[in-house]
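Enquirer: The primary structure of each chain is shown beneath.
2 protein chains.
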Amino acid sequence: MSTKPNLKDVAKVAGVSAITVSRVLTDPSRVSEKLRSKVEKAIHDIGYIRNHAASALASKKSGVLAVIIPSLSNIVFNDVLQGIYQAVKAKNLQVLLGDCHYSPLEEEKLIATLLSQSPEGIIVTGAAQTDYARKLLLQADIPVIQIMELTHQPIDMNIGFSHYQASYDMTNHLLQRGYRAPAFLGARMDPRTQQRLAGFKQAITDWPQPCSSYIHTTVQPSSIKLGGQLLQAVIAESNHQCDAVFCCNDDLALGALFESKRMNLSVPKDIAICGFNDLEASALVEPAITSVSSPRSEMGRQAVEMLFSATGKGRHALAPVDVGYNIIVRSST
Amino acid sequence: MSTKPNLKDVAKVAGVSAITVSRVLTDPSRVSEKLRSKVEKAIHDIGYIRNHAASALASKKSGVLAVIIPSLSNIVFNDVLQGIYQAVKAKNLQVLLGDCHYSPLEEEKLIATLLSQSPEGIIVTGAAQTDYARKLLLQADIPVIQIMELTHQPIDMNIGFSHYQASYDMTNHLLQRGYRAPAFLGARMDPRTQQRLAGFKQAITDWPQPCSSYIHTTVQPSSIKLGGQLLQAVIAESNHQCDAVFCCNDDLALGALFESKRMNLSVPKDIAICGFNDLEASALVEPAITSVSSPRSEMGRQAVEMLFSATGKGRHALAPVDVGYNIIVRSST
DNA sequence: AGTCAAAATGGTTGCGCAATCATTGCTGTT
DNA sequence: AACAGCAATGATTGCGCAACCATTTTGACT
Chain U
5 MSTKPNLKDV AKVAGVSAIT VSRVLTDPSR VSEKLRSKVE KAIHDIGYIR
55 NHAASALASK KSGVLAVIIP SLSNIVFNDV LQGIYQAVKA KNLQVLLGDC
105 HYSPLEEEKL IATLLSQSPE GIIVTGAAQT DYARKLLLQA DIPVIQIMEL
155 THQPIDMNIG FSHYQASYDM TNHLLQRGYR APAFLGARMD PRTQQRLAGF
205 KQAITDWPQP CSSYIHTTVQ PSSIKLGGQL LQAVIAESNH QCDAVFCCND
255 DLALGALFES KRMNLSVPKD IAICGFNDLE ASALVEPAIT SVSSPRSEMG
305 RQAVEMLFSA TGKGRHALAP VDVGYNIIVR SST
Chain Y
5 MSTKPNLKDV AKVAGVSAIT VSRVLTDPSR VSEKLRSKVE KAIHDIGYIR
55 NHAASALASK KSGVLAVIIP SLSNIVFNDV LQGIYQAVKA KNLQVLLGDC
105 HYSPLEEEKL IATLLSQSPE GIIVTGAAQT DYARKLLLQA DIPVIQIMEL
155 THQPIDMNIG FSHYQASYDM TNHLLQRGYR APAFLGARMD PRTQQRLAGF
205 KQAITDWPQP CSSYIHTTVQ PSSIKLGGQL LQAVIAESNH QCDAVFCCND
255 DLALGALFES KRMNLSVPKD IAICGFNDLE ASALVEPAIT SVSSPRSEMG
305 RQAVEMLFSA TGKGRHALAP VDVGYNIIVR SST
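If you read the sequences in order, they're chains U and Y.
Position one of the first sequence corresponds to residue 5 (my numbering), numbered consecutively onward.
Position one of the second sequence corresponds to residue 5 (my numbering), numbered consecutively onward.
One or more of the hints may lead you astray.
Any copy will do: because identical chains look the same in the list, a pair fits if it lies in one copy or spans two.
Stated by the list, open to error - Under the rule of at most 27 Å between Cα atoms (straight-line distance), these lysine-lysine pairs were calculated in the DSS-like manner:
1) K205 x K273
2) K229 x K265
3) K95 x K45
4) K65 x K12
Please keep in mind that the hints were generated in silico from the structure rather than gathered at the bench.
My request is simple: use the sequences and hints to build the entire structure.
Expert: Have a look at this one:
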């Protein structure tokens with residue numbers, strides 16, 4: 005076969021009509037066993053592959069799920085993606101994945117591009133979409149779900165947890181442990197990091213006894229190495245008064261831990277360290293790092309379920325879902 | 005607009021013909037400045053988004069790049085993906101990403117599914133495709149590139165490096181350092197891990213002086229924790245004779261390092277540790293871990309370039325590309 | 001055997017767009 | 001002023017498939 009075979013070619017080989025072949029592909033139960041096996045053999049023999057564009061156009065079903073995440077390199081979104089792919093596998097869907105690099109404008113462009121594929125649903129991260137992006141999403145008339153964080157004005161569905169509250173709790177944990185000069189180390193400063201910072205500030209404000217606090221942030225992307233640099237910076241800045249660092253994620257926390265060893269600071273005696281996201285390494289380093297865990301892959305899985313169980317097809321088909329979080333206390337605090 | 009707007013709706017609003025709108029979208033230079041701005045305004049006003057299925061069907065161009073990786077959770081493929089996304093961004097392509105979970109059969113199914121989207125090129129990982137998958141890829145008549153490793157019978161294009169040779173070199177490094185009882189710790193045992201094991205074995209065989217060696221592998225997925233367990237296992241198995249461990253990747257190596265501390269083994273005095281892939285953490289732990297680095301994201305970027313610079317459209321449009329590797333010697337050996 | 005309902009199969013059509021060809025308008029040249 | 005030559009725009013058509021409706025076959029029952 006020099007040119008790509010189509011339905012008719014298969015039909016000819018199998019000695020049936022084109023529509024019968026189509027049925028074998030979309031709903032085999034509607035074709036008799038005899039014809040079905042003939043058709044399946046023909047398909048396999050000539051290596052026929054259905055033309056998705058034509059199929060999508062005729063059926064108005066694309067079999068595509070659009071997903072937009074802020075970063076491919078952040079392992080956190082990987083976990084979510086895994087949950088998404090797991091759920092999608094049982095559903096005969098393909099995933100179109102976009103990386104918007106934490107930029108709402110890039111996200112807007114991506115949304116437009118991905119919507120052109122007529123996805124049957126779309127997963128976006130966070131709630132910082134531009135107005136135009138929101139308009140496009142609403143108009144697309146497909147289920148939309150915002151994941152990772154909770155928002156008061158969801159576009160449609162929403163699943164996540166409160167980064168603010170988790171951070172508030174974690175800061176309280178430090179204060180309860182007796183640390184009175186905690187620092188918040190933040191990188192990237194995307195919306196969720198900012199919520200974490202807000203939770204930190206509020207917890208300090210709400211604490212009944214006086215305590216000092218330090219905040220050191222940068223818009224640089226997060227990394228282990230940066231964690232070490234931020235630790236140095238805040239220690240210098242605070243004139244060695246800082247006695248605990250709350251890192252906005254575990255990468256920074258790991259970097260801070262490694263750096264503290266180089267600086268001959270004992271953790272948690274000289275300085276406590278805690279992070280966010282509970283990466284595998286955090287539990288295995290010495291001392292193990294206190295962190296906030298959340299069911300990321302479960303959240304991805306559930307997001308897909310919610311998208312496609314929304315029978316009503318109306319907006320807000322399901323109430324926002326709070327997947328919660330856990331403060332995992334370890335020896336670093 | 006109750007139903008999704010189409011080209012005609014835009015045309016009506018802009019007071020032009022449908023085809024003119026189409027041209028604004030595909031090649032604005034072919035439309036006069038005056039009409040173009042009218043059309044663009046109409047598009048934005050009614051929030052029109054082109055129907056990709058129809059466009060793909062009519063133009064026989066899908067604007068899609070298919071990518072299959074063996075695992076979403078392995079950070080190594082993340083790096084490659086980043087390179088791919090970076091290169092793709094400049095090319096108006098969307099990425100359809102599949103995760104075949106290290107299974108050639110799942111990969112075959114994925115290839116069939118992804119090919120149905122008429123991608124303009126496809127990136128697959130490794131060279132262990134099934135015969136039927138190879139047939140489908142050849143028949144699809146699109147550029148195909150196998151990445152990560154080098155193969156003698158590429159389907160079409162190929163970019164990667166020799167895991168066998170890298171492992172051979174690393175093992176020699178250990179032997180040259182004076183270690184005479186190295187162990188190979190392997191997880192997952194996918195084709196590339198097996199090539200690394202083969203390189204290890206050959207280096208041991210080729211070494212002029214007698215030396216003992218140990219091999220401990222499992223098909224379990226790799227993790228930091230598993231690295232610790234494998235270290236324990238090989239130390240017990242070797243009756244404490246083993247003096248160096250070559251971990252098939254840096255996750256295992258980190259786990260082995262953390263575990264060695266718990267076992268009160270000094271690295272590299274009591275035991276040397278080296279890994280593969282050169283993750284960020286490997287350079288920052290204490291002692292820093294010797295590893296094999298390779299230009300992963302560059303490989304992804306280049307794969308995309310190769311796919312779409314293949315003007316000839318024939319098979320083997322470009323010679324296989326060896327991106328090479330580097331043994332990064334650090335204090336763990 | 002005859003009847004009828006249900007299952008299996010086929011023919012026709014349109015999805016929304018871009019390729020192709022056709023037409024119109026516009027500029028510069030003599 | 002006449003015309004060539006090109007740029008800009010429009011009309012028609014078909015991409016490959018599945019929805020829809022029509023027809024044929026099967027099988028259960030009297």
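Enquirer: Name the hints, by number, that the structure is in violation of.
Expert: Per hint list: zero violations.
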